[in-house]
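Participant: Let the sequences and hints guide you as you build the complete structure.
Quick note, the sequences are listed as chains A and B, same order. Reading the first sequence from the start, the letters are residues 0 to 464 in numbering that gives the first Met the number 0. Reading the second sequence from the start, the letters are residues 0 to 464 in numbering that gives the first Met the number 0.
Do not rely on the hints blindly, as some may be mistaken.
The list treats identical chains as one, so a pair stands whether inside a single copy or across any two.
What the hints assert, rightly or not - Each computed EDC-like pair below joins lysine to aspartate or glutamate, with the alpha-carbon atoms no more than 20 Å apart:
#1 K213 <-> D432
#2 K187 <-> E325
#3 K126 <-> E383
#4 K213 <-> E330
#5 K187 <-> E300
#6 K187 <-> E330
#7 K126 <-> D360
#8 K213 <-> E196
No lab work stands behind these hints: they were computed from the structure. Since the model is a prediction, treat every value here as computed from it, not as a measurement.
Here's the letter readout for the chains.
2 protein chains.
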Amino acid sequence: MTDSWAAFGADLHIEPVGGGLRSGLMNALREAVRTGRLTPGTRLPSSRTLAADLGVARNTVADAYAELVAEGWLTARQGSGTRVARRADAAGPKPRRTPSRVRPRPAHSLMPGSPDVSAFPRAEWLKASRRALTAAPDLAFGYDDPQGRVELRTVLAGYLARARGVHADPERIVICSGFVHGLTLMGKVLARRGVREAAVESSGLDIHWDLLGKAGLGTPCLPVDGLGARTGELGGMHRVGAALLTPAHQFPTGVPLHPDRRAAAVDWARSSGGLILEDDYDGEFRYDRQPVGALQGLDPERVVYMGTASKSLAPGLRLAWMVLPEHLVAEVCEAKGGPEWMTGTTDQLTLAEFIASGAYDRHVRAMRLRYRRRRDQLVAALAERTPDFRVSGIAAGLHAVLELPEGTETSVVQAATWQGLALERLSRFRHQDAEPGREGLVIGYGTPSESGWAGALDALCRVLP
Amino acid sequence: MTDSWAAFGADLHIEPVGGGLRSGLMNALREAVRTGRLTPGTRLPSSRTLAADLGVARNTVADAYAELVAEGWLTARQGSGTRVARRADAAGPKPRRTPSRVRPRPAHSLMPGSPDVSAFPRAEWLKASRRALTAAPDLAFGYDDPQGRVELRTVLAGYLARARGVHADPERIVICSGFVHGLTLMGKVLARRGVREAAVESSGLDIHWDLLGKAGLGTPCLPVDGLGARTGELGGMHRVGAALLTPAHQFPTGVPLHPDRRAAAVDWARSSGGLILEDDYDGEFRYDRQPVGALQGLDPERVVYMGTASKSLAPGLRLAWMVLPEHLVAEVCEAKGGPEWMTGTTDQLTLAEFIASGAYDRHVRAMRLRYRRRRDQLVAALAERTPDFRVSGIAAGLHAVLELPEGTETSVVQAATWQGLALERLSRFRHQDAEPGREGLVIGYGTPSESGWAGALDALCRVLP
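Facilitator: Given below as structure tokens:
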């Protein structure tokens, strides 16, 4: 007894934290058991002895022992004193640290899909947050309607009608935790309605196709050409009950959907009873003329409008919204789940105030200028460096496509990696059923910070053939 | 032509919003088409005529027409002028408003499962938010590690070790968007590992059982008695590979899991290779002695600790955390998904600062006093009003159980509804395979605001038999 206690006592550092001497003692004892300093079966000193050693009241030690017995660390049997419990043994050695899952960041990134997050308007956001949280009703902090805060839905309805030509109504808006969350909900609802396939564009994001696939939907592709997706072909795809499109700015080719194609999409939806999912991911950013309005305005009962704060503000907010045909609202809310599946309310309330105060419009305008300047610099640099390579998709959005000579895509991306520049190849976005297409780069000029932009552009120019 | 234009012109109210005259005109035209004021095929006046009528530059009108053609609202054919597109017709009448999905709130609520959200520490939270967002690296606003912000995981590791006896390590913590999100992830991981059944407690929340069921797991129940779940029976449940328990404060009966039962649970997990999911939903709130430490501390490799900010702070934050055995971290992160599935970062950063600054401890302490006072008042009121009915589960948490005479549960809950008091019956939480149990009420005394508490307690006393 004395031996094991001495061994323990020698190492004991009591640093009461939060709960006073007792909890400090408990932590020390737990740690000693955990690390194997105190082995199973070891008898502890009596509470009187330990209290005297530590210069604390006997009750403090007795209480700590009793708690640890209640927690299963120690056992107390009449006549055999207090011992380390048998079951506290096999915890084994302290597990080694899992290496961090975050990959090292490249020196420069021109990966598409992100805005310049260094421009997140922290001060304005905090101001809006203060106003919003101060004014919020108490119940906004509780379990709430998974459809989303009415404050945000109301403000969004006005904003989307004004800025994007969306036929919006707060009752038809559902807030979700990012676009992929919304798309997941739509996949569920479509599958439940018996839809077997959702057409997607032949260039796009495989994570979106995969989400629909996980919901049980096939995802055949519509060819994309210089006028956008060939929506006229929807009529011949007889198993297709929905189409996921990026009408304002095709991702990643950058073309806006031609008016005839817009009309064809809506005609198809009307005549077939199908549904269009309009991914309006960067509709706010158009540089040379006013943004093309949302397709949804043409037929709000056949188009689900899907917008997000990820490109206009920050992906870190995980806030997106859907404007739904009336006949889908209840189903989508049900697919989202009960109150415990709601989207967090603090950022919803803050975004509502941020939009209502005009800060959102100001931010979008400022960012539009910033991105347009970068786009102009990119186009100019490429015209000088690779005058024969075509640059496209530059009228809008946060990325451009640079076509490359056949057989060079891989080597350019590899050269970029060696230079510490993250780049995405065009072929990465090609649907498996698509015709082979041009090689190229999708250059996310929105991604760098202002201070990092020039270096990223230089690095790009260095790695081009 | 002139007729239809006159009809349109008479009603045209241009109120340029945001984008100047052109966008105001576009909005007015879109609305006119949408509402049927301008019918399909109608020829619009020439841009010169309309410009003269409105007193604006001709280009303004020409641009607006061109945009609306691009959007599919209008068509422009050489020789036939600009007309309302055919496809803009069938949008039909403006959809009627869906009635709001939010139910009317009762005058009083003693429903269990919520803290007093009126006590959300708005000012302290905003202070923490300002410090956190100001100090955050830019990349915190971008797509990020779905495991959660390292700032929060680091602070939580320290807090959980100190306050709950959890063996925590930032690398083994995964942040999720509420407990149900975490449980969903665990269900997926267990099912992928080939687990067929997860044992649950015979009293509990059916939404949790359903989540596990949706993942494909059977959910047989462990009987709960006065010492908590009978974990000794796990050994006889041969298809069971996991057990969901509420060791600190059984929900809803309120008993802490007896030390022998804690030991039996860990012994079972070790010998069978099973996993325990420890739902520590209100572990911070214990009134008459120090909280019982987390079961996880006994064997961090066999217990998944699951905590939440929903009871200690606010459900509206949708923030929870899991401390995982090392061998599960990668799988759980994979089940969570890519960066677009991360939990929103602003509240993560704010909570990290809120805990690090000591504000979390202060809030929990203040709330513990508040809830203890309410509990004492509840117990005193019930002792006077229904001295023969047993009240239990009062040592901890935000709710108590009041046993009722057989055959009265339904009538009491109905009487409460008539009085505008929301109450939950005990039988609501019984597993379908559980033995029939006592009738009673689960009284969520944490739910009301301070100003609403006395009235809620009065209403409760009025409806008791």
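Participant: Does each hint hold? Answer for all of them.
Facilitator: Taking the hints in turn, this is what the structure says about them:
In this assembly of identical chains, the alpha carbons of K213 and D432 lie at most 20 Å apart only when taken from the same copy (18 Å versus 32 Å across copies). For the identical chains of this complex, K187 and E325 are intra-copy neighbours only, at 17 Å inside a copy versus 33 Å across copies, given an alpha-carbon limit of 20 Å. Taking the shortest Cα distances, K126 and E383 never come within 20 Å of each other, neither inside one copy (44 Å) nor across copies (50 Å). Both within a single protomer and between protomers do K213 and E330 lie at most 20 Å apart by alpha-carbon distance, with minima of 18 Å and 18 Å respectively.
Taking the shortest alpha-carbon separations for K187 and E300, only the intra-copy value of 19 Å comes in at or below 20 Å, while the best inter-copy value is 35 Å. Taking CA atoms no more than 20 Å apart as the test, K187 paired with E330 passes inside one copy only; the shortest distance there is 9 Å, against 24 Å between copies. In this assembly of identical chains, K126 and D360 lie within 20 Å of each other by CA distance solely inside one copy; the values are 15 Å within and 26 Å between copies. In the homo-oligomer, the alpha carbons of K213 and E196 lie at most 20 Å apart inside one protomer (12 Å), although the nearest pairing across protomers, at 23 Å, exceeds that limit.
Of the numbered hints listed earlier, the single one contradicted by the structure is hint 3.
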